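Chemist: Chains R and P are the protein sequences, given in the same order. Counting in this note's numbering, the first sequence runs from 3 upward without gaps. Counting in this note's numbering, the second sequence runs from 3 upward without gaps.
The set of hints was computed from the structure by calculation and includes no laboratory data. Note that the structure is a prediction, hence the values are computed from the model and not measured. Don't take each hint at face value.
Same chains, same names: a pair is fine if it fits in one copy or spans any two.
Pairs of lysine-lysine residues, derived as DSS-like cross-links and limited to a Cα-Cα distance of at most 25 angstroms, are as follows [to be verified]:
hint, residue 1, residue 2
1, Lys123, Lys12
2, Lys12, Lys44
3, Lys124, Lys217
4, Lys209, Lys150
5, Lys225, Lys150
6, Lys44, Lys123
7, Lys225, Lys209
8, Lys220, Lys12
9, Lys223, Lys184
10, Lys124, Lys207
11, Lys209, Lys184
12, Lys188, Lys168
Protein chains: 2
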Amino acid sequence: MRAVETILPKFDSVFSIDCVIFGFDEGELKILLIERNEEPFKDWWALPGYLVEQDESLDNGAERILYELTGLRGIYMDQFYTFGDVNRHPQGRVITVAYYAMIRLGGNKDLKPAPVTNYAKKAVWIPLNDLPTLAFDHNTIFNRAFEKVRNRISYQPIAFELLPEKFTLTQLQHLYEVILNKKLDKRNFRKKMMNYGILKELDEKQKGVSYRAAKLYKFDKRKYARLFQKELSFSK
Amino acid sequence: MRAVETILPKFDSVFSIDCVIFGFDEGELKILLIERNEEPFKDWWALPGYLVEQDESLDNGAERILYELTGLRGIYMDQFYTFGDVNRHPQGRVITVAYYAMIRLGGNKDLKPAPVTNYAKKAVWIPLNDLPTLAFDHNTIFNRAFEKVRNRISYQPIAFELLPEKFTLTQLQHLYEVILNKKLDKRNFRKKMMNYGILKELDEKQKGVSYRAAKLYKFDKRKYARLFQKELSFSK
DNA sequence: AATATACTGTGTATTTTTTACACTAAGTAA
DNA sequence: TTACTTAGTGTAAAAAATACACAGTATATT
Numbered sequence: 003m004r005a006v007e008t009i010l011p012k013f014d015s016v017f018s019i020d021c022v023i024f025g026f027d028e029g030e031l032k033i034l035l036i037e038r039n040e041e042p043f044k045d046w047w048a049l050p051g052y053l054v055e056q057d058e059s060l061d062n063g064a065e066r067i068l069y070e071l072t073g074l075r076g077i078y079m080d081q082f083y084t085f086g087d088v089n090r091h092p093q094g095r096v097i098t099v100a101y102y103a104m105i106r107l108g109g110n111k112d113l114k115p116a117p118v119t120n121y122a123k124k125a126v127w128i129p130l131n132d133l134p135t136l137a138f139d140h141n142t143i144f145n146r147a148f149e150k151v152r153n154r155i156s157y158q159p160i161a162f163e164l165l166p167e168k169f170t171l172t173q174l175q176h177l178y179e180v181i182l183n184k185k186l187d188k189r190n191f192r193k194k195m196m197n198y199g200i201l202k203e204l205d206e207k208q209k210g211v212s213y214r215a216a217k218l219y220k221f222d223k224r225k226y227a228r229l230f231q232k233e234l235s236f237s238k
Numbered sequence: 003m004r005a006v007e008t009i010l011p012k013f014d015s016v017f018s019i020d021c022v023i024f025g026f027d028e029g030e031l032k033i034l035l036i037e038r039n040e041e042p043f044k045d046w047w048a049l050p051g052y053l054v055e056q057d058e059s060l061d062n063g064a065e066r067i068l069y070e071l072t073g074l075r076g077i078y079m080d081q082f083y084t085f086g087d088v089n090r091h092p093q094g095r096v097i098t099v100a101y102y103a104m105i106r107l108g109g110n111k112d113l114k115p116a117p118v119t120n121y122a123k124k125a126v127w128i129p130l131n132d133l134p135t136l137a138f139d140h141n142t143i144f145n146r147a148f149e150k151v152r153n154r155i156s157y158q159p160i161a162f163e164l165l166p167e168k169f170t171l172t173q174l175q176h177l178y179e180v181i182l183n184k185k186l187d188k189r190n191f192r193k194k195m196m197n198y199g200i201l202k203e204l205d206e207k208q209k210g211v212s213y214r215a216a217k218l219y220k221f222d223k224r225k226y227a228r229l230f231q232k233e234l235s236f237s238k
């Protein structure tokens, strides 16, 4: 990068990041919403998001926002679209870069219940079916994120982040069914999942159920990473 | 959208759009580069792109920039990623929203040779293999765009925009081979393409070749649009 | 101890899709 | 007429996706 002539104006941008954070709990898909504590849209429900600091990259900003609301770090986040309609923000031109993330609810010990920030009064997990009208264009942003996730899960196993560390195949299948909104065939589902080669069978069984306990599985991160190397390819 | 309390500050953002514009000519993939006429990076090669106006949406900005450089309107452009590293722009915090587009070279009568703008001295089609070092982080942006295109074309027929209106199957195959950087099997390729059901066979043949002329085909936009409805789906 | 309950875990046959592979036909140029 | 160059075509084999049903096992109940 070259030295800047001092004559050039200095730019100071204002833009935001919004995060669609998916969680899965009690058989339901949820997203994390905040109740805003600032104008505009004070007291409205909104996606977690905020203006980006001058000295943080987009990815870092997304991580920070997630951290402030959940206490979690190091979660994989995917930047999926940038929204920039002229009137999307009442205070002027504010474009927003949108990310989605998936985190496990239920048994995540690091997950804080309350936000570590003051632009949100509170943060709450809301089932997808009960989404209220959101501030700004956040409903649009959510819809796009969900569409992206639904699409992607059809050919890439991205949903593991939503499950507890140890899970049964039935739980995994149920998660898929909720995301895709359709019933799947048990045997074919298992065949497909095992074929991905990213599940590790544990010597352990489900506990606390009043019927035959299922085997537990773990998600093998190393093999998962390798899977992503060999990309889709056109036939010869 | 609610009325804004006058007490709130007014935001004025500065951000840019950069376009990776693919063309295909004489069997080669090219992209459109400009030679910059402004600081910073005056005289450097760069992706066509500029600061976005306060009153235009992202998509409109992308369209405008394409128009200013090529004289073309109504070209499909896909927003694929937003780049926001802290130091990517020497004048301060300027994030850039990146789009790619595909347009037909060779026989496109509306395609102007020279830019209709003054931030670029000239605009030139450069073969992908000869790309120079570009201004800002534009090499990174290009790489990501190309990766996206390569990936996407493996399962969606997005390359038609690059060909002349009437084309032979061999030309189409050649285009695929260049993008994917591998040889494809002629019979299998034809089978697959015909199966998409978006090609219309014309009662017309190639002209001016010194060997048996091939049938010409046209791309059927209506069927193409319909194809996109039925999305990828997980097996039952 | 017997029985009811509820979910686990498994295999095979069929269909569809993908892949591999090579020669004749048609037009042009000499 | 012949040589040259590309067009155009089919089939068999392999791989992947789909459809489909029942016995096994842990727990709870009586």
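Chemist: Take the hints in turn and mark each one as holding or not.
Modeler: A quick look at each hint next to the structure:
no., hint, result
1, Lys123 x Lys12, "between (35 angstroms within a copy, 24 angstroms between copies)"
2, Lys12 x Lys44, "between (32 angstroms within a copy, 17 angstroms between copies)"
3, Lys124 x Lys217, "neither (38 angstroms within a copy, 65 angstroms between copies)"
4, Lys209 x Lys150, "neither (34 angstroms within a copy, 44 angstroms between copies)"
5, Lys225 x Lys150, "both (23 angstroms within a copy, 23 angstroms between copies)"
6, Lys44 x Lys123, "within (10 angstroms within a copy, 48 angstroms between copies)"
7, Lys225 x Lys209, "neither (27 angstroms within a copy, 52 angstroms between copies)"
8, Lys220 x Lys12, "neither (51 angstroms within a copy, 50 angstroms between copies)"
9, Lys223 x Lys184, "neither (27 angstroms within a copy, 31 angstroms between copies)"
10, Lys124 x Lys207, "neither (37 angstroms within a copy, 68 angstroms between copies)"
11, Lys209 x Lys184, "neither (27 angstroms within a copy, 52 angstroms between copies)"
12, Lys188 x Lys168, "within (19 angstroms within a copy, 47 angstroms between copies)"
Hints 3, 4, 7, 8, 9, 10, 11 from the earlier list are contradicted by this structure; the remaining hints agree with it.
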